[in-house]
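With these hints in hand, go ahead and build the complete structure from the sequences.
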Amino acid sequence: MAGRYGEDVLAGDWRRRKVTPEVDAEPDLVVEDADSGFCGAVVGFDSGAVVLEDRHGKRRNFPLLPAAFLLDGRPVTLRRPTRAPVPTARRRTASGSVAVANVRAQVAKASRIWVEGIHDAALVERIWGDDLRIEGVVVEPLDGIDELDAEVRDFGPGPTRRLGVLVDHLVPGSKESRIVARVNSPYVLVTGHPYVDVWQAVKPAALGIAAWPVVPPGRPWKEGVCAALGVAEPADMWRHILSRVNSFADVETPLINAMERLIDFVTEPA
1 MAGRYGEDVL AGDWRRRKVT PEVDAEPDLV VEDADSGFCG AVVGFDSGAV VLEDRHGKRR
61 NFPLLPAAFL LDGRPVTLRR PTRAPVPTAR RRTASGSVAV ANVRAQVAKA SRIWVEGIHD
121 AALVERIWGD DLRIEGVVVE PLDGIDELDA EVRDFGPGPT RRLGVLVDHL VPGSKESRIV
181 ARVNSPYVLV TGHPYVDVWQ AVKPAALGIA AWPVVPPGRP WKEGVCAALG VAEPADMWRH
241 ILSRVNSFAD VETPLINAME RLIDFVTEPA
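So for the sequence shown, full-length UniProt numbering puts the first residue at 1; every next one is plus one.
No lab work stands behind these hints: they were computed from the structure.
Predicted model only: the values in this text are computed from it and were never measured.
Some hints could be false.
Here are the in silico distance ranges between beta carbons for each label pair [claimed, not checked]:
| no. | residue 1 | residue 2 | range |
| --- | --- | --- | --- |
| 1 | D24 | R182 | 51 to 59 Å |
| 2 | G173 | I209 | 55 to 63 Å |
| 3 | G224 | F45 | 57 to 65 Å |
| 4 | L242 | D264 | 19 to 27 Å |
| 5 | A232 | K58 | 42 to 50 Å |
| 6 | T253 | A232 | 28 to 36 Å |
| 7 | L70 | S185 | 28 to 36 Å |
| 8 | D72 | P217 | 53 to 61 Å |
| 9 | R161 | D24 | 35 to 43 Å |
| 10 | I118 | N246 | 14 to 22 Å |
| 11 | D35 | G144 | 42 to 50 Å |
Think about it this way: if two alpha-carbon atoms lie no more than 27 Å apart in a straight line, the pair counts; the simulated DSS-like pairs of lysine-lysine are [stated by the list, open to error]:
| no. | residue 1 | residue 2 |
| --- | --- | --- |
| 12 | K203 | K175 |
| 13 | K58 | K109 |
| 14 | K203 | K222 |
| 15 | K222 | K175 |
Glycine included, C-beta positions come from ideal geometry on N, C-alpha and C.
Shown next as structure tokens:
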């Protein structure tokens, strides 16, 4: 009977051991420090530690400890590459942020950014789309902001459910400024730009014109612009505008500042 079942199945290490994979810390590899949650791209090494840089350009050093990092949500052990890395030019996104390779878009967070319409949403996507996908932030177009305070209440903002709102023509004394004044949640940030429409936030030079046409009061602004520039339909004009925007350099600074503030606000840790 002693030899009937062969050797003792409980002898030795009979359980399958989990092995944490080792990964070369190549330049621009994006990982997360498991303890602090700091997420960034590998930019070098310092005294035996790996140097990570986040999307804001902030750098931190982390020791190369076993299973100290997360790659695509899974624990890994980073190791310094055996060969010297070949320096490469760092690619930039349309917003000017450092582009990171081999990173999937995050699952959408509860926080949101609202913009006034589909043109605003398309322009934001053209410039900040890569950054927002990495952060897991969805941009949603509104049909105007006349009922903004009621829509904010329905959204139910909170510490882990922040809301950013981008408003056109947000200047003192405007209808938009009075609407925005009714929103007072600490978990909502409303920013905007001074232009009548988001079209006007695109630099005239990007379109090959000296300046945006002046539209007389009482006439719809978009129709007035189209008439002055000899374009039949606003839809045709918008397609032309969007086709000429390639990066943040093609839009005015107030729009850039407003969007960067919103992205920082909705991605702030609870």
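Structure-based check of all given hints:
no., hint, verdict
1, D24 / R182: 51 to 59 Å, "holds (54 Å)"
2, G173 / I209: 55 to 63 Å, "violated (29 Å)"
3, G224 / F45: 57 to 65 Å, "holds (58 Å)"
4, L242 / D264: 19 to 27 Å, "holds (25 Å)"
5, A232 / K58: 42 to 50 Å, "holds (49 Å)"
6, T253 / A232: 28 to 36 Å, "holds (32 Å)"
7, L70 / S185: 28 to 36 Å, "holds (32 Å)"
8, D72 / P217: 53 to 61 Å, "holds (55 Å)"
9, R161 / D24: 35 to 43 Å, "holds (38 Å)"
10, I118 / N246: 14 to 22 Å, "holds (20 Å)"
11, D35 / G144: 42 to 50 Å, "holds (45 Å)"
12, K203 / K175, "holds (25 Å)"
13, K58 / K109, "holds (23 Å)"
14, K203 / K222, "holds (16 Å)"
15, K222 / K175, "holds (19 Å)"
The structure shown violates just one earlier hint, number 2.
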